[in-house]
Every structure is written in C-alpha cells, then in structure tokens.
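Quick note, the sequences are listed as chains A and B, same order.
If you use full-length UniProt numbering, the first sequence corresponds to residues 1 to 433, in order.
If you use full-length UniProt numbering, the second sequence corresponds to residues 1 to 433, in order.
Quick caveat, the hints were computed from the structure, so don't treat them as lab data.
Do not rely on the hints blindly, as some may be mistaken.
The list makes no distinction among identical chains, and a pair is therefore deemed to hold if it is satisfied within one copy or across any two copies.
Unchecked claim - Mimicking DSS-like on lysine-lysine, the simulated pairs with C-alpha atoms at most 25 Å apart in a straight line are: (1) K411 <-> K373; (2) K430 <-> K373; (3) K99 <-> K200; (4) K228 <-> K99; (5) K411 <-> K12; (6) K12 <-> K228.
Protein chains: 2
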Amino acid sequence: MMQPLKRTILIKNAVIYTLNAKDEVVRGNILVQGNRIAYVGEELPQIQAEREIDAEGNLVFPGFSNGHTHLPMMLLRGAGEDLPLMDWLTQKIFPLEDKLSDELAYLGSMLGIIEMVKTGTTSLADMYFFCDGIAAAIQESGIRANLSRCVSGQTMEEAKGRINDALRIYDTYHGAAEGRLEVGFSVHGEYTTGTEVIRKVCALARERDAVLQIHISETENEHEECKKRHGGKTPLGILESLGGLEGRVIAAHGVYIDDEDMERIAGRDVTVVTCPKSNLKLGSGIARVQEMLSRGVSVALGTDGAASNNTLDLMDEMRYMALLQKGMTRDPGVMDIRQCLRIAMQNGARGMGIEAGEIAPGMLADLILVNTKSSRFYPRQNAEAHVLYSACSQDISMTMIDGRIAYENGKIQFCDEARVLADFARAAEKLYR
Amino acid sequence: MMQPLKRTILIKNAVIYTLNAKDEVVRGNILVQGNRIAYVGEELPQIQAEREIDAEGNLVFPGFSNGHTHLPMMLLRGAGEDLPLMDWLTQKIFPLEDKLSDELAYLGSMLGIIEMVKTGTTSLADMYFFCDGIAAAIQESGIRANLSRCVSGQTMEEAKGRINDALRIYDTYHGAAEGRLEVGFSVHGEYTTGTEVIRKVCALARERDAVLQIHISETENEHEECKKRHGGKTPLGILESLGGLEGRVIAAHGVYIDDEDMERIAGRDVTVVTCPKSNLKLGSGIARVQEMLSRGVSVALGTDGAASNNTLDLMDEMRYMALLQKGMTRDPGVMDIRQCLRIAMQNGARGMGIEAGEIAPGMLADLILVNTKSSRFYPRQNAEAHVLYSACSQDISMTMIDGRIAYENGKIQFCDEARVLADFARAAEKLYR
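Given only the sequences and the hints, what does the whole structure look like? Please build it.
Right, here's the structure in full:
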C-alpha cells in the first residue's frame, strides 16, 4: 500500500479533552501528521504546517463514534410515524425496503454521512444490505466505518445468497479507502435467524478476525420468546453457545439483557451499543446502561437508523443517554460527564478495533472542535457540562477524520451538499411514488 | 391605554399549521395587523403591508409556550452537575441564590429570553424572586409572560415579606408592556409552604382572577411525605381543600400525581406542565403524560430552570416528551405529532389565559417560521414529522411575538445579544468568585 502523503495540520490554542487514561485536559496544541496525531501538549511545535488552525475559544474532543446505524434508512425518515412496531415494519419499512437499490442506498448513505459529520461523528458501524452503495458513500466521504452485510434467514437455504453477498462485500471492500473502511459480518438477530445460520456467520467473522454485529434483546418480546424457544437461553446465551462471543462483537440495543448476560460479556470483547432514542421511539424501553457499566460491561452509543430516531446526531443521543439513566435510576449522581464522553466518543471506536477515541500521539486523527462562543456556553464556569447538557451540534466547528478536514464552519468538504440533497430528493420522490 | 400602532405584516406562501379546532393546514398567507392575526387563507390580501415576508419553503406554527421556568437560573447553568438533589440544592443552588440581585436576575432573564426566542418560544410562565429584574427583561425583550413572585414558608410570619413582595409585584407590573406582562401568584410547593400560607396565596390569586403557579408532586418523596402528613391527601388534594383549584392553575411537573388527582383536575382550569428533561436530570422520574391526556387532563410543556435542564428549548423538550411517552408506555402509537404540537404550542398559552396557540383571525400574533431547507427536512414526504423528530431550533427562521418580529434569520431584534452576553459573563464571574 502506498504511504499516505504526510499532510501536517497544526491546531493551536485549544482546550483539549484527551480522554486518555489519566483523563488529562490540556490547554495547548495538536500536531497532526498524515492520518495520525503526532503531538499533543503545551509547547508549540516548531514546524511549518500546511495548515494552521487557531482554535482559541474551541474545545477539542475525539470524534463521536456511532456504534449502530443503518445509513440508507435516511430514505425512510418520517415514513410511518406513530405506528405500532409490526405495522411500521410490515406496512411501511419492508415495502419501501423492497424498492431500494444500490443507487438509493448510496444517496441515503451520503446524506446520512453528511449529517453525521456535521454533528461530529468520525466513525460508524453499519449493518444493512445494498452494501456496494453504502461502501461507495463511505469511500467518497472519507468517514471511517465498519460495514457489514446483514444476514438473516431461518435456514441455510434461505440465508445462502445473503452469506455469499456478505463474503463478496468482505473480499471487495475490507481494508479499502486507505484502511478507513473495514468490513465485518452481521447477524440480523436471533429472532430472524436460525441457529445454523448464526453459527456459520460467527465462524466467518472469527476466521477473519472481523467484527460481528448483531441486534440483541432490543424488545422484551424478542428476549422472552428466545428464552421460550431455547430452554431459558437468552439471545446472548445462544450467541455464546454458537461461538459468537469469541471474537469482537458489537451487540446493538441490549435493552433487555439480564444480569446473567452482563456477567457473560463483562471483560470480553463485546460492546453493547445503546440506542436510547430509537428504543424510546419504537416503544422498546430503556436499557440499563448504568447497571451494565457498574458490572464492567463496555457500553457505546448508537443512533440506529434514521427511520426510528430520526436524527444521526450523537451529541444529542449522548444527552438522552445521560438524562435517561439519571431519571431511571432516580439518581442524578450517575453518568458523570467524562463517562458520557467516553461512551459516546471512545467506546464505539474501541469496540470496532479502531485506534481512536483519545487525543494522544500515535492515535488516528479523528477529532472535533467545539466552538464555545454561543450563549449555550454561558456561564463560562463549566464548559464540559455545557457540551453534555446545553450545546448543540451547531457548535461543532470542525470535524477531522483520518487527518483530513471533513467539515469546517458549516461546510461539508468532501462533496457538494446541495447536489447530494437534490439527488436524494429526486430519488426519494420516486421511492415514495 | 393607548391603542397600539397598527403595524401590518404580510407573510406569504407559507404552509400554515393552524392548530385550530379542525386542525387545518393551509397553503397560503397570513396578515398581521397590530398585535393580532387579521387574516389566514389562500387568497392574498390586497393590502400595502409595512413588511412582506416571502415564506416559501417555510412552515408556520403558533409559537411555543413555556409553562414552567425560572429565568434567572440561567446564571446557575452547569453549577453542581451530577450531585444528588439535596446536595445540589444545599451546596450549590441555595448559596448561589443567596448572592442574587435584581441586576443579576435581569441579566439571567435576558439571556434566558434570548435563548427562548431563538428556539421559538413566544410566551412563558415564570416563578422566582427578584421579580423586578425579571420584569425588566420581559418588558425590554417583548416576550409574553405570566410572572409570579414565589412564596414559601411554613408560617405566615415567615412568609409575610414574600407575600407582600408578591402583592407589590402584582400591583406594579400586572398588565404592563401593553398587556404582554401579566402577574400571577405562586406557592413554591406543599413541602415548603404551610397550609395557612397556601390558603392565603390562593385567595390572593382568586380575588384578582390571576393565575396560580405551584410545583406539584415533582418527586415521589414529596408526594408520599405529603400524604403521610395529611392523612392520605396528595399535594393536589391539599391544594383543593385550601381553595386552590377554583381559579386558573399551572401545576408544574406532576410526575407523581395519581389517578385520583387526575380525576380531580380533569375538565378544570388546571394545566399540568410536564418538564421531562428536568425530571430526568434531577432523578425525579417520568410523568404519566399519556395517561393524563387520556383522562382529559390539560397538559402543557415546560423547561424548568436552566440549572436542571440545561436548555430552554421547547422544540427539543417536545421531542423528549414524545419519545419518553412512547418508550414508557411501550406503545409507539401514542403521542401523535399534532397532539405533541398542541401540548408544546397551545396548551401552555391557554393555561395562562393567553389568546394564542392557534393561527386564526383574532388571535394574538405569536408565531414562528420553520425553514425546511436543511437536510433535516429530507426526505420531503412528511414535514410535520421532521418538525417533531429531526429538526432543531436552528431551523426556526423567525419568531414573532405580539405582532413584532423578535428574532429573524439568526438575529435577535430586541437587543444587542453580544452586549448581553458580555454583561452576563461579567456578572456570572462575580457570582462564582
């Protein structure tokens, strides 16, 4: 592989929330060389950088990492609001999904990535179909992603085509885009997928040391029906028995995972991705995030697809998570600010095996600048509280991914946003006709 | 009183969500004359307006009405995050409140009103102290408000000064600012106020036909302790027995009001103001809004103070309310879009006796324009879903209060925002020293 050009960008005069092991906050400078952070500290590096950014009045954080989404569902945003889950799926979502194509998936993904990058997201995990379209958008945009072709089906016969497609996607795209695009495998869920199929997909992931994504215990019904079918075994229990917990796992939702499940996955390479807004909107419930954390489970944050959220804004999602946990536990003392930042910015990247989520030399240069000039950052006494509780994504002034500026001062850098919007609108018009 | 100048403003080519009894959506025009709406319809009025606004691509709604807030608490935003409720109050909030003054209350209120107007709020109900400072900000800004001097105290002796201050505020400000500023009375809560004091404040409100504001059953502890003290009577039960439910009442929070309470207030002039974000953040819980609605209780929306929210953004608050109710009832079918809009835009105003909350001839001209150009309004198929689920207050392009434009295209019209921010920062610096 060609050595990437050693671009150099110097970010000066920022307040840097490193989220490193010591949780240091540095008033100083960051040097980015190529796609990695070369220096963080109070001293100003004596180097002629290609670009200098005076970040006075800005805070620097690692970019947000979205642990669970379905990018093309941007096309389905607003379709079938206020319907019960099964009506929503069968009357609205499935019929529309039947009409999707790679071109539509590409446009949905482009718009999804635009919204993510504007709201500070630098990496994502996606599971869906029409992955060629999604991969094209990931490559074009420059976002970092772990992509997987979603597999479901009760029998191998039913799942065969999907599994082959998943393998083709892996072979075609894994490691593409200078390594920004990794490909994993995914099982839709225990309730839609037979045990032989689950076992097969888990094996494929394990053989390739790839990330396995799966929907786990999103609804009470899913969790309880699984136990009924499998002599008391939960979806995570089934996954374990099929060899699914031996590698790196992204377990999406986890609203109903129980105490035994938590013990099962604590300390392992399993990241539970909580999607608080989607879980509320679809009437699923509220995940026991605080309980998982206290038992040593790694928790990251996701938006789910835009049809059930309806935004892909992790700054907003982080706030929902913090407030919901305080409300549900009836304890305003839980979910302190730094913990919330780690869940939203660090744990997703780590769960995907990405060397980001921390502002430190050697780490990938995935970071954001948050401008504190708006009234949302007044009074001036507690900036990090304002990031969690009163800022909005409008305050994000720059998003850098892999050492490249993807968004700056309101403008997406990797495409003509107006053209994407127009193409998206035309395509959606056809889809809904 | 002098007749207000008959300003005329013509808003053309908008999609108008009237929220009238027939729930009509009109593609057309609005004529504002003076402080009221003179015409709404498809025909373009043949009149030379002082100002014409081409609202193509915009939606018009009644402005948001914030049924419960404490404006000066903007100064306390971010103070003492992640503390248990009593520590938060006794270690942080009370000591800071001891240092407040009318000047500080004025600056806090100005900044609070700026954030409210930018996020589409056109009327508010406030209960706090240093009401001269708050009243000055209300008058200067042009927002519509129902203000009350909060009364607490176990004995008449203890409460006497506060009651006198409340009367002074009423006599000084009621009906001021061309009628935009009304003054009511407020009891802090049953748990902080003796029965004789409550009875007295209720009588003062009733004699003047004024709104009575009170914190009701915000926490489980408050609700249960009241029942213990009063032979099973709930805070609303006590209020009723003291003559407090005979006039117009704004009952803030209502997280723990029970079925009997709901029966007690359904069909009366009592508006329960739900404050979902504050109730989560302080670990209080989640109000049974859907249950109240189904029993005929009038529910409006509030932000509470910025110290426990930490925004004063009702578009955001409305989304929390909708998502929380779907999540808690496990039914995505509850809280349809129009119902949420009515709660956030109509019920608060009605609860305060304000002739707004509806875009119709004769109503006060309190309205907002929402621009649909951002990607948040794509796909184009369901704009009202996007207002509830994916828009953000950045999409609000204009806020009109009492027929005057208070905010337009990012700019506050009633003051120099930068100057207010600088003054606020200086004052807060002193407060926190």
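Output the indices of the hints that this structure fails to meet, ascending. When the structure is compared with the hints, numbers 3, 4, 6 turn out to be violated.
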